[in-house]
Amino acid sequence: MASGQQWVLVEMVQAFYEEKEELIEDWQPEPLVPLVSKDHPPPKYDVVSGPTSHKIIVNGKECINFASFNFLGLLDNERVKNQALTSLRKYGVGTCGPRGFYGTFDVHLELEERLAKFMRTEEAIIYSYGFATIASAIPAYSKRGDIVFVDEAACFSIQKGLQASRSNIKYFKHNDMDDLERLLKELETEDQENPRKARVTRRFIVVEGLYINTGDICPLPELVQLKYKYKVRILLEESLSFGVLGEHGRGVTEHFGVNIDDIDLISANMENSLASIGGFCCGRSFVIDHQRLSGQGYCFSASLPPMLAAAAIEALNIMEEDIDIFRLLRDKCKHIHSALQGISGLEVVGESISPAFHLQLEKSTGSRELDVKLLRGIIDYGEKNDIKITFSVATIPASYCFSSCVTPDYIVIYAQTTAHSLAQISIDDIQMLRMHI
Amino acid sequence: MLIRMTESSVKKLSNGDRCYRASNGVKPGKNGCVKNHYLYQKQHCYPEEKIYHVAHNGGLYKRPFNEVFEETPMLVAVLTYMGYGILTLFGYLRDFMRDWKIEKCQNATEREEQKDFVPLYQDFENFYTRNLYMRIRDSWNRPICSVPGAKFDVMDRVSYDYNWTFKYTGKVVKDVINMGSYNYLGFAENHGLCADAAADVTMKYGVGVSSTRREMGNLAKHEELEKLVARFLGVEAAMAFGMGFATNSMNIPALVGKGCLILSDELNHASLVLGARLSGATIRVFKHNNMQSLEKLLRDAIVHGQPRTHRPWKKILILVEGIYSMEGSIIRLPEVIALKKKYKAFLYLDEAHSIGALGPSGKGVVEYFGLDPKDVDIMMGTFTKSFGAAGGYIGGKKELIDYLFTHSHSAVYATSMSPPVVEQIITSMKCIMGEDGTTFGRDRIQQLAENTRYFRRKLQEMGFIIYGNNDSPVVPLMLYMPAKIGAFGREMLKRNIGVVVVGFPATPIIESRARFCLSAAHTKEMLDTALRMISEVGDLLQLKYSRHLLVPLLDRPFETTYEENEE
Numbered sequence: 000m001a002s003g004q005q006w007v008l009v010e011m012v013q014a015f016y017e018e019k020e021e022l023i024e025d026w027q028p029e030p031l032v033p034l035v036s037k038d039h040p041p042p043k044y045d046v047v048s049g050p051t052s053h054k055i056i057v058n059g060k061e062c063i064n065f066a067s068f069n070f071l072g073l074l075d076n077e078r079v080k081n082q083a084l085t086s087l088r089k090y091g092v093g094t095c096g097p098r099g100f101y102g103t104f105d106v107h108l109e110l111e112e113r114l115a116k117f118m119r120t121e122e123a124i125i126y127s128y129g130f131a132t133i134a135s136a137i138p139a140y141s142k143r144g145d146i147v148f149v150d151e152a153a154c155f156s157i158q159k160g161l162q163a164s165r166s167n168i169k170y171f172k173h174n175d176m177d178d179l180e181r182l183l184k185e186l187e188t189e190d191q192e193n194p195r196k197a198r199v200t201r202r203f204i205v206v207e208g209l210y211i212n213t214g215d216i217c218p219l220p221e222l223v224q225l226k227y228k229y230k231v232r233i234l235l236e237e238s239l240s241f242g243v244l245g246e247h248g249r250g251v252t253e254h255f256g257v258n259i260d261d262i263d264l265i266s267a268n269m270e271n272s273l274a275s276i277g278g279f280c281c282g283r284s285f286v287i288d289h290q291r292l293s294g295q296g297y298c299f300s301a302s303l304p305p306m307l308a309a310a311a312i313e314a315l316n317i318m319e320e321d322i323d324i325f326r327l328l329r330d331k332c333k334h335i336h337s338a339l340q341g342i343s344g345l346e347v348v349g350e351s352i353s354p355a356f357h358l359q360l361e362k363s364t365g366s367r368e369l370d371v372k373l374l375r376g377i378i379d380y381g382e383k384n385d386i387k388i389t390f391s392v393a394t395i396p397a398s399y400c401f402s403s404c405v406t407p408d409y410i411v412i413y414a415q416t417t418a419h420s421l422a423q424i425s426i427d428d429i430q431m432l433r434m435h436i
Numbered sequence: 000m001l002i003r004m005t006e007s008s009v010k011k012l013s014n015g016d017r018c019y020r021a022s023n024g025v026k027p028g029k030n031g032c033v034k035n036h037y038l039y040q041k042q043h044c045y046p047e048e049k050i051y052h053v054a055h056n057g058g059l060y061k062r063p064f065n066e067v068f069e070e071t072p073m074l075v076a077v078l079t080y081m082g083y084g085i086l087t088l089f090g091y092l093r094d095f096m097r098d099w100k101i102e103k104c105q106n107a108t109e110r111e112e113q114k115d116f117v118p119l120y121q122d123f124e125n126f127y128t129r130n131l132y133m134r135i136r137d138s139w140n141r142p143i144c145s146v147p148g149a150k151f152d153v154m155d156r157v158s159y160d161y162n163w164t165f166k167y168t169g170k171v172v173k174d175v176i177n178m179g180s181y182n183y184l185g186f187a188e189n190h191g192l193c194a195d196a197a198a199d200v201t202m203k204y205g206v207g208v209s210s211t212r213r214e215m216g217n218l219a220k221h222e223e224l225e226k227l228v229a230r231f232l233g234v235e236a237a238m239a240f241g242m243g244f245a246t247n248s249m250n251i252p253a254l255v256g257k258g259c260l261i262l263s264d265e266l267n268h269a270s271l272v273l274g275a276r277l278s279g280a281t282i283r284v285f286k287h288n289n290m291q292s293l294e295k296l297l298r299d300a301i302v303h304g305q306p307r308t309h310r311p312w313k314k315i316l317i318l319v320e321g322i323y324s325m326e327g328s329i330i331r332l333p334e335v336i337a338l339k340k341k342y343k344a345f346l347y348l349d350e351a352h353s354i355g356a357l358g359p360s361g362k363g364v365v366e367y368f369g370l371d372p373k374d375v376d377i378m379m380g381t382f383t384k385s386f387g388a389a390g391g392y393i394g395g396k397k398e399l400i401d402y403l404f405t406h407s408h409s410a411v412y413a414t415s416m417s418p419p420v421v422e423q424i425i426t427s428m429k430c431i432m433g434e435d436g437t438t439f440g441r442d443r444i445q446q447l448a449e450n451t452r453y454f455r456r457k458l459q460e461m462g463f464i465i466y467g468n469n470d471s472p473v474v475p476l477m478l479y480m481p482a483k484i485g486a487f488g489r490e491m492l493k494r495n496i497g498v499v500v501v502g503f504p505a506t507p508i509i510e511s512r513a514r515f516c517l518s519a520a521h522t523k524e525m526l527d528t529a530l531r532m533i534s535e536v537g538d539l540l541q542l543k544y545s546r547h548l549l550v551p552l553l554d555r556p557f558e559t560t561y562e563e564n565e566e
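Taken in sequence, the protein lines are chains A and B.
Residues in the first sequence are numbered from 0 upward in steps of one, following numbering that gives the first Met the number 0.
Residues in the second sequence are numbered from 0 upward in steps of one, following numbering that gives the first Met the number 0.
The set of hints was computed from the structure by calculation and includes no laboratory data.
Bear in mind the structure is a predicted one, so any value in this text is a computation, not a measurement.
Misleading hints may appear alongside valid ones.
What the hints assert, rightly or not - Here are the simulated SDA-like cross-link-like pairs (lysine to any residue), alpha carbons at most 20 Å apart as the crow flies: (1) B:K114 to A:Y227; (2) B:K314 to A:K89; (3) B:K341 to A:E24; (4) B:K339 to A:L22; (5) A:K19 to B:P311; (6) A:K43 to B:T405; (7) A:K89 to B:E188; (8) B:K257 to B:P311; (9) A:K230 to B:Q121; (10) B:K397 to B:L227; (11) B:K340 to A:D25; (12) B:K313 to B:R276; (13) A:K116 to A:K196; (14) B:K397 to A:V35; (15) B:K396 to A:V32; (16) A:K116 to B:Y167; (17) B:K114 to A:Y229; (18) B:K257 to A:E29; (19) B:K340 to B:N289; (20) A:K43 to B:L227; (21) B:K339 to A:D25; (22) B:K314 to A:L22; (23) B:K257 to A:P30; (24) B:K166 to B:Y132; (25) A:K184 to B:D115.
Stated by the list, open to error - Computed footprint of chain A on chain B, listed as stretches where at least three residues anywhere in the stretch have a Cβ under 8 Å from a Cβ of chain A: (26) 177-190; (27) 264-276.
No residue lacks a Cβ here, since even glycine has one placed at the ideal position from N, Cα and C.
So that you can see chain A by itself, here it is in the shape it has in the complex (with noise of 0.2 Å):
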């Protein structure tokens, strides 16, 4: 090579090198987290000093508690507490491993037991945390390429569910079997042009059967009708309707009668009626066995602590012996449902017979930030009548936008069977809240 090519050569080498380094220079990252104004308020929660119940103490404020999940009120009850000490005088707090390397105890075998005998279906298999008992079983069946059907009202958990598995998920509307039905003939007519692909497609349909976001219960009985017809799997979310719905507490297949062999799967939580920390899936044998190994909730984390596996279990022991507090639990909810019809400007969303059920705006005034005063103004005023309700989080699923901030839409009612509770919300704190609409 002359000379002069090989000094051109080297300068081209040497302008590259320098290039990169001015790029490496000038580039600039976004902040890590969005930088907020100096003056915008820190985010603060209500600080909640003092045992949950159905009183609770809240910014220093003794209130009726209509805002956390214990619908059996079984979050202060005697014997849970003493069975939970018993447990951890026993056995520790912590667990200090996954279910697969020494995590696994007595406890946690007795409780899955008891549930899968409570819930009459073969197995069950617990998760250390509510939230990602669904969004861990999902991603172990579905993969890539199956195709899931879900409703649109589905909770968050189930999304990421969804999210991870990265099937192929279609919505259809709210409790609309015909939407549903539609789909499915749309999914059929693919098959029939390509049969190979149809062979290897799993298919299942998503549900809740008390949603958290409406407060309806979904019908049954027409998805077991749609799933033998189209030969779609039917997974279940229950962490609502567990401990609410059915004459002793089984759900909402004990509610429409339906055969728990039917149901592929049924996932639920332990935070809202069993009042414990976890949640658990049960059915049959053959898919339940699959989630000991591919479940990333199950094998990658440490098991649930023996104590409030013990609690489980003695609030699992309440609801058997005493089938009388879900009718009692009903009859609350169906009073307070009436009691709070007619408010000018506030509609009750929800079934009468769901123990969370959500005030929503009749119609909004136009602007998010005004509706949201608005709901915050009427919080502040229970607040300070001693009534604490709260904010909902309602999601949109992906059909429309994946946002993850919280879109508060709602103002959610919990209600529970305490005796004390519903004596005390007499008609006149009713209508206290009715003239301040």
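Got chain A sorted already, so can you dock chain B onto it with the hints?
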């Protein structure tokens, strides 16, 4: 201090520091032997081929960093592949026999009514589970019925159909030495200060909370815990969550999104991988603990920008762990921080195993290297391992935590932590910091460090292949062959020692291992018993593969010398 390094070359970072790398994870077997590099001589004058020195690298490392991953012996690798090959053939044979009903099928099957549905599981997905995992399934999921301290009671179970089903005999194997639970500082106990405090809180507050942080679940105890955690770590603010796994998978999506880049270590935990995937950002993987690979990725990313559009990246986030639990290696934090500062990236450090276990006062890998916690943008950790509770936390600047308050999915949708668990963390953390007026914390940290050094040294002297850093309380012992996985677990249990064995898919297929987790609750007698039994089983199963035999040490604490003989 004279310690061996596998291979290194001098590399200058642009800030003038020199960086001596060890090729961890990269097998130095190119010419079949290990290269030694004469870098720094201290006081003795041994002949050159016998001494290996450590890197005291400019200002980056204030203490020697010695991590070793010995190469797999060739014969062992060949035999392991053969073993898996034979198992696979037998697997096909058994499947064939089951298909043709010659052998009874023990698997649970689909319902009659649903036989014409699309099958729920593909056959080949479960091939490994049916044919390999089932044979040695009794090494895992062993139920215990006591507190998981230094010794525990394992429930006895038998199987009459080759591990398809188990029956509990009702007997309990008592006082098994626990080398498997993550109990680094020994806080898993049912009596003592922490347990009493947790018991009080149980009776006062109950066990459940039934509400999210945002609604009614924010107890005063939670706020107290978060202030304490921030003080412990040396950061401005912290936030606690109910599950360590969920901490990662819910918060990484809140911090990065589309248009951002995540650089994640090869061997990151499933929760980090899931969080990165859920965020929607582009993920690139760098070789395990390999700073050159990381720097190359950083440079390429900034210079070339996003794929296809070449627009600049919005943010770059580096995901690393403090201690990697399958390898026992410690992240090279000083170099990562130097790189992060140079290239203006953000660092997410997952200290699940290293918080409480490393550092002179248990404050984790940042204190171990003597660095400033403010250099790490997001410090994440869990309370399960060293604090004997459950849950996770994130610590960092005040703006970060304020942002997570409103935008973290976990705070908005997931139930808050149970009060007795919170109390256990508060008490144990105060104990570690020494604020409860006793020296328990200090003593335990000291005991753990001594146990670690002693145990690792002894195992290496015996001739086992041990991976990882000399200071990490996680000790992986290589088994390689599939039959030895099951055999090791069973033989150790017969001798009253509970160990954890790991195989595929948690590790590469031929590198199955047994993993010991040391604890401050282990006394020297327990460790000696364990070592004796391990040596016995090692002779029985021929596990002493190491070709780099160490001459047993003279009795000296920490700074020690040893000679090495290479064959």
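Do the hints match the structure? See the list:
1. B:K114 to A:Y227: holds (11 Å)
2. B:K314 to A:K89: Since the Cα atoms of B:K314 and A:K89 sit roughly 48 Å apart, the hinted pair is violated (cutoff 20 Å).
3. B:K341 to A:E24: holds (9 Å)
4. B:K339 to A:L22: Cα-Cα ~16 Å, so holds.
5. A:K19 to B:P311: Within the cut-off at roughly 13 Å; holds.
6. A:K43 to B:T405: holds (9 Å)
7. A:K89 to B:E188: holds (9 Å)
8. B:K257 to B:P311: holds (12 Å)
9. A:K230 to B:Q121: holds (17 Å)
10. B:K397 to B:L227: This hinted pair holds, its Cα atoms lying about 14 Å apart.
11. B:K340 to A:D25: holds (14 Å)
12. B:K313 to B:R276: Holds, because 17 Å separates the two Cα atoms, which is no more than 20 Å.
13. A:K116 to A:K196: violated (38 Å)
14. B:K397 to A:V35: Satisfied, since the Cα-Cα distance of roughly 11 Å is no more than 20 Å.
15. B:K396 to A:V32: Given that 20 Å is the threshold and the Cα spacing comes to 10 Å, the pair holds.
16. A:K116 to B:Y167: With Cα atoms ~19 Å apart, A:K116 and B:Y167 stay inside 20 Å; holds.
17. B:K114 to A:Y229: Holds: B:K114 and A:Y229 sit about 13 Å apart, inside 20 Å.
18. B:K257 to A:E29: holds (13 Å)
19. B:K340 to B:N289: holds (17 Å)
20. A:K43 to B:L227: Cα-Cα ~18 Å, so holds.
21. B:K339 to A:D25: holds (15 Å)
22. B:K314 to A:L22: Answer holds: B:K314 to A:L22 is near 15 Å, not above 20 Å.
23. B:K257 to A:P30: OK: B:K257 and A:P30 at ~15 Å, within 20 Å.
24. B:K166 to B:Y132: holds (18 Å)
25. A:K184 to B:D115: It holds: about 18 Å lies between the C-alpha atoms, which stays within 20 Å.
26. 177-190: The restraint on the region 177-190 of chain B holds, since 10 of its residues have a Cβ under 8 Å from chain A and three suffice.
27. 264-276: Coverage by chain A holds here, the residue count being 5 at a Cβ distance below 8 Å.
The structure fails hints 2 and 13 (numbered hints given earlier, in ascending order).
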